[in-house]
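Asks: Using the sequences and the hints, build the whole thing.
The residues making up each chain are set out below.
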Amino acid sequence: MSAPTTHRSAEQIGRTPQGPRPLPDLGAMREVPLPEVHTTTLSNGLRVLAVHRPGVPMVEVRLRIPFAAAGPTADQAFSARAELLSSTLLTGTAERDRVGIDDELATVGADLGVFVDPERLVVQGSGLAAGLPTVLGVLGEVLTSATYPEQELVRERARLVERISLARAQPRTVAREALQRKRFGDHPIALETPTGEAVAAVTPEQVRAVHTAGVVPRGSTLVLVGDIEPQSALAEVEKALGHWRSEETARELSLPPLPVAGPLELVHRPGSVQSQLRLTGPARRRDDPGYAAFQLANLVFGGYFSSRWMENVREDKGYTYGAHSGAEFVPGGAVLGVETDVASDVTAAALLETRYELGRMVAVPPTAEEIDAARRYAVGSLLISLDSQGGLAATLSALDAAGLGIDWLRERPVRLEAVTPEQVADAALQYFAPERFTGVIVGDAETIGPRLRALGGVE
Amino acid sequence: MSELQIHRTVLGNGLRVLVVPDPATPVVGVSVHVDVGFRSEPEGRTGFAHLFEHLMFQGSESLEKLAHFRQVQGAGGVFNGSTHQDYTDYFEVLPGAALERALFLEADRLRAPMLTEENLRNQVDVVKEEIRLNVLNRPYGGFPWILLPPVLYDTFPNAHNGYGDFSELEQATLDDAASFFDTFYAPGNALVTVHGDLGEHGVDGTLALIEKHFGDIPARPTPARPSFAEPVAGAERRQAVADAHAPLPALAVGYRVPDPTTELDAYLAHALLASVLSDGEAARLQRRLVHTDGLVTDVSASNGLMGGPLDARDPDTFTITAVHPADVDPDRVLGAVDEELDKLAAAGPSVEELARQSARWAAALHHEDDRVMYRMLGLGARELLYGRAEIATELPARIAAITPDGVRAAAAALRSQGRAVLLVEPTADPTADPTADPTAEETAE
Numbered sequence: 001m002s003a004p005t006t007h008r009s010a011e012q013i014g015r016t017p018q019g020p021r022p023l024p025d026l027g028a029m030r031e032v033p034l035p036e037v038h039t040t041t042l043s044n045g046l047r048v049l050a051v052h053r054p055g056v057p058m059v060e061v062r063l064r065i066p067f068a069a070a071g072p073t074a075d076q077a078f079s080a081r082a083e084l085l086s087s088t089l090l091t092g093t094a095e096r097d098r099v100g101i102d103d104e105l106a107t108v109g110a111d112l113g114v115f116v117d118p119e120r121l122v123v124q125g126s127g128l129a130a131g132l133p134t135v136l137g138v139l140g141e142v143l144t145s146a147t148y149p150e151q152e153l154v155r156e157r158a159r160l161v162e163r164i165s166l167a168r169a170q171p172r173t174v175a176r177e178a179l180q181r182k183r184f185g186d187h188p189i190a191l192e193t194p195t196g197e198a199v200a201a202v203t204p205e206q207v208r209a210v211h212t213a214g215v216v217p218r219g220s221t222l223v224l225v226g227d228i229e230p231q232s233a234l235a236e237v238e239k240a241l242g243h244w245r246s247e248e249t250a251r252e253l254s255l256p257p258l259p260v261a262g263p264l265e266l267v268h269r270p271g272s273v274q275s276q277l278r279l280t281g282p283a284r285r286r287d288d289p290g291y292a293a294f295q296l297a298n299l300v301f302g303g304y305f306s307s308r309w310m311e312n313v314r315e316d317k318g319y320t321y322g323a324h325s326g327a328e329f330v331p332g333g334a335v336l337g338v339e340t341d342v343a344s345d346v347t348a349a350a351l352l353e354t355r356y357e358l359g360r361m362v363a364v365p366p367t368a369e370e371i372d373a374a375r376r377y378a379v380g381s382l383l384i385s386l387d388s389q390g391g392l393a394a395t396l397s398a399l400d401a402a403g404l405g406i407d408w409l410r411e412r413p414v415r416l417e418a419v420t421p422e423q424v425a426d427a428a429l430q431y432f433a434p435e436r437f438t439g440v441i442v443g444d445a446e447t448i449g450p451r452l453r454a455l456g457g458v459e
Numbered sequence: 001m002s003e004l005q006i007h008r009t010v011l012g013n014g015l016r017v018l019v020v021p022d023p024a025t026p027v028v029g030v031s032v033h034v035d036v037g038f039r040s041e042p043e044g045r046t047g048f049a050h051l052f053e054h055l056m057f058q059g060s061e062s063l064e065k066l067a068h069f070r071q072v073q074g075a076g077g078v079f080n081g082s083t084h085q086d087y088t089d090y091f092e093v094l095p096g097a098a099l100e101r102a103l104f105l106e107a108d109r110l111r112a113p114m115l116t117e118e119n120l121r122n123q124v125d126v127v128k129e130e131i132r133l134n135v136l137n138r139p140y141g142g143f144p145w146i147l148l149p150p151v152l153y154d155t156f157p158n159a160h161n162g163y164g165d166f167s168e169l170e171q172a173t174l175d176d177a178a179s180f181f182d183t184f185y186a187p188g189n190a191l192v193t194v195h196g197d198l199g200e201h202g203v204d205g206t207l208a209l210i211e212k213h214f215g216d217i218p219a220r221p222t223p224a225r226p227s228f229a230e231p232v233a234g235a236e237r238r239q240a241v242a243d244a245h246a247p248l249p250a251l252a253v254g255y256r257v258p259d260p261t262t263e264l265d266a267y268l269a270h271a272l273l274a275s276v277l278s279d280g281e282a283a284r285l286q287r288r289l290v291h292t293d294g295l296v297t298d299v300s301a302s303n304g305l306m307g308g309p310l311d312a313r314d315p316d317t318f319t320i321t322a323v324h325p326a327d328v329d330p331d332r333v334l335g336a337v338d339e340e341l342d343k344l345a346a347a348g349p350s351v352e353e354l355a356r357q358s359a360r361w362a363a364a365l366h367h368e369d370d371r372v373m374y375r376m377l378g379l380g381a382r383e384l385l386y387g388r389a390e391i392a393t394e395l396p397a398r399i400a401a402i403t404p405d406g407v408r409a410a411a412a413a414l415r416s417q418g419r420a421v422l423l424v425e426p427t428a429d430p431t432a433d434p435t436a437d438p439t440a441e442e443t444a445e
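So the sequences go chain by chain: A and B.
Oh and the first sequence: position 436 is 436 in UniProt numbering, straight run, nothing missing.
Oh and the second sequence: position 107 is 107 in UniProt numbering, straight run, nothing missing.
Hints in this document: simulated from the structure, not taken from any laboratory.
Please note that a few of the clues may not be correct.
As the list claims (entries may be wrong) - Which chain A residues face chain B? A few, computed with CB under 8 Å, are given here:
{"id": "1", "residue": "G55"}
{"id": "2", "residue": "V108"}
{"id": "3", "residue": "E162"}
{"id": "4", "residue": "S306"}
Virtual Cβ for every residue (Gly too), placed ideally from N, Cα, C.
Replies: Take a look at the structure:
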C-alpha cells in the first residue's frame, strides 16, 4: 500500500479545531414545472397524449394496450402466446423483415421494445425527435401488418424457453412468483411468466390470432413526450396509425382479490445463502382521498432510505443491503409490499425486527418531524422523477391508465402539504398493523425453518 | 447539449472544481469524485475501497450517524455512491433550493468523516449482504466483472475481486480506514462537480459557496498515481468456473484496448465496434450467433469492464459475453465470434451500417443527458480520469467521425492479440471443482 508511514488516527480525522458546524438552511423550493398535455382520441378509438418537453432533441414513445386473458383464472396458454407475441412483434411485416425493421429505426437513432404482463402489452422506445414520423411509421406497420414469420417465431420460441429458465434461477423471480400466488391465488394477475412447456407448444397461427383479437386501438393509449410540437405530432399519429382498425376493444384485466391476512409461507430454495422476505397487504389507491397520508406513512415505515425499518435492519443491525416498502397498483385497488433480502442466519431476527417496526407504526405513530421529512422527500423526488422525458412519459402513461391526468400531479404537493399527523396515524393503524399481512419467505428451509416457525405465523 | 458552459477552478488546498449550470432544470446535482478505486486497494484488503465508500455515509464531524441520509432525503433529494476501478463517486441530486446544504454535506465528510469501530463492523455486515445479493445467491454473480479480470490480467490491481473476499473484509481495521482516508481522500486527490439549477447563486455564487464549505479543508500530500500497466498477453488464456445457480452455460471473452488517455479515438473505435457487433437486430453477432446459427440465447459486447466505455484509465477491457444452451460447445461460439471479427478486420463495416450505429449512439447519449444525475456523473468522471469533462459533450461528434477503417482497425487489433476466455459451467453441486479445463489456474469464489 502506498500509504504514508504515519497517518492520523480515526479519532483525529473526525475532529477539527473549529468543531461541528451548523447546517445551512434550505432555499425556497421551485414548483414542479409541468407542461400542458394535448389529448385526442382518433376515430379508431386510440387515445393519444402529446407533450412538448424540450431539453434534449429526443422523443419518448409509449403505447399501452390493455392485454388481459379472457377467463377468470390464470391461463398458461394465453400467457405463453402473449409472451411470444411480444418477442416477435418486431420480427416481420408485409414490407420488412426483422433486420429491415431495426435498420429503419436506427436511421433516426430509435429503439423500440415490447413487453407484456398480465395487464397490458407495451411498445415503447425513444428516438431523435426529428425522426418521429419514421418511428410512428414502423409502429403503424407492425400494429397493422405484423406477419410473425414461422422461422423467426421458432427461433424466438426456443430463446424464450431459455430465458424463462434463466429468470427462474433468480431468487427474486422465485420470490415474486410465490408472492403473486400467495396474494392473488389463481387470478390471471398472478401469472407473470408462463412455463417453458406452455411456450414450446405455441404455434405461429395462435400468435397471429392473439394479435388480431387483442392488438387493437380502442382502449389503447399512445403517449408522446419530447422536443415535439404537439399539434403536428398528433397529425403524424393520425397519418401513421389512423388505419389501424378493429371492431374489438382492448381487454382490461378483471379486478383481482385483495390479499388476505394470514401466516407467511416458507418456500424452500435449497442452497440459498440469503432469504427473501416478502410481506404484503392491501394499500390505498392513488385516487383515494387518503392516498397522500398513506404515502407518507409508507415513507416513514420503509419507503425510503431514512425510514424506520431501513435504519433498523440495515444501519443498526446490518442484516441487509436494502429493505423497501411500497404500493403496487392493480386494477381496482393497490397492494403494499414489504420486501428485503437477508442472510440465512439472520432471517428469523429480520422477521422479528420487521414485525416490531410494523407494530411500532401503530403503537408509536410517525412524529411531526418524521412526517415533514417524508413530505419534503415526496415532493422533491417527484420533481426529480419528472425531470426527464422518459420519467414524464412513464408517469403520464401510468396515471392515464388509472383515469388520472396531469392535474393530479400538479396538485400533489398541495395534497401532501395538507396531510395531518392524525391522518398519517390513521393510515398506519389501518395498513401497517403486523397482523394485517400475509406473504412468503424464500430460502433454505432446513437452515431457516426451525427458528422462523418457532416465532409463529410461519407455515 | 453543445451550449453547456463548463467552469473550472482549483481551490488553495488542491481540490478541483467543476461548475456546469443548466437553467432548464429545477434540480441540481453535487458530486465528489475521489481518485481512488478498487485497483488501488492494498493486497490483503480486497474490497476495501468499496467498504470505505460505505463508511463515508456513516457520519462526519457535524453530522451524526444517519444524518447524511436524512438531510439529503429530508431536503427532497436522492443520493448514492459507487466504487469503480479507478475512482469512487459520491453524489446527491436535489431540488435547486438545497444546493448549499448538499455542498455542506459533501464538505463535512471530505473534511472529517466519523470513522468508528461500531460503524465499520456494521458496514462489513451490510457489504457482505450486498455481495450475497449480487454474487453468491444468484446465477452468474460477478459475471463478467469479477470473474474475467483474473483470467486476462496477472497483477493484483487488475486481477483481484473488487467486491472483496469475506475473510479480508472481516479483517479490515479502523486503522486501515484512517490510513486509507489520509492517503487517498486528500483534497488534491478529489473533484467537486455541481450541475443543474444554480438558482439565485449563479456560477460565481456557487463557486463562492464551494470555497466557503470546502476551502478550509487542510491540504495534504496527494498520493502518486501508480501505473497499472501490464503486458498484453500473446496467447489465449482459458479458465472455467462452476456456478451452482446457473441453468445454462455462459462465456466471456476479454481483450485489451488502447489507452483512452493517449489514444482516445482508437479507444472510441473499439466502443463503436462493440455496437457493430451486438447493438440491435442487425448487429453482426446478433445475426450470426443468435439468429443464423442459433448458438446463443443472448450476446453482448462492450468496451469497458463495468458495462460502458470511458469509465477507467488504462488498462481497460473489451468484453463479449454470451449465454448458450448446454448442448452448444463453447468453441463453436468462439469460432463464430472469430469469424465475424475476421470479416470486420478484413473489410470493415459498411458506411450505412456505421451511420446507423452512430445515430443510435447520439440518441443514447442525448437520452442519458436528459437526467441531471447521469450527465453530472459523466462530466465528473471524464474530468477526473482524463482531465477533460468536455469529452462527455464531444462524444456524439467524435463517435460520428469514426470511419469504417477505424472500426476495421479495432477488430484487427482484437484479433492480433491474446485474450481471456472464461467459461461458466452450471453445476448442481456448489462445491464442485472447475475441472473442465486443465489450464485453469485459480477459481473465483
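Asks: It remains to establish, for every hint, whether it holds in the given structure.
Replies: To see whether the hints hold, each was checked on the structure:
The interface hint given for G55/A holds, since its Cβ lies 6 Å from the closest Cβ of chain B, which is under the 8 Å cut-off. Given the 8 Å rule on beta carbons, the hint for V108/A holds: about 7 Å separates it from the nearest Cβ of chain B. For E162/A, the interface hint holds, the least distance from its beta-carbon to any beta-carbon of chain B being 4 Å, beneath 8 Å. Interface restraint check for S306/A: the shortest CB-CB distance to chain B comes to about 5 Å, inside 8 Å, so the restraint holds.
Of the numbered hints stated above, none is contradicted by the structure.
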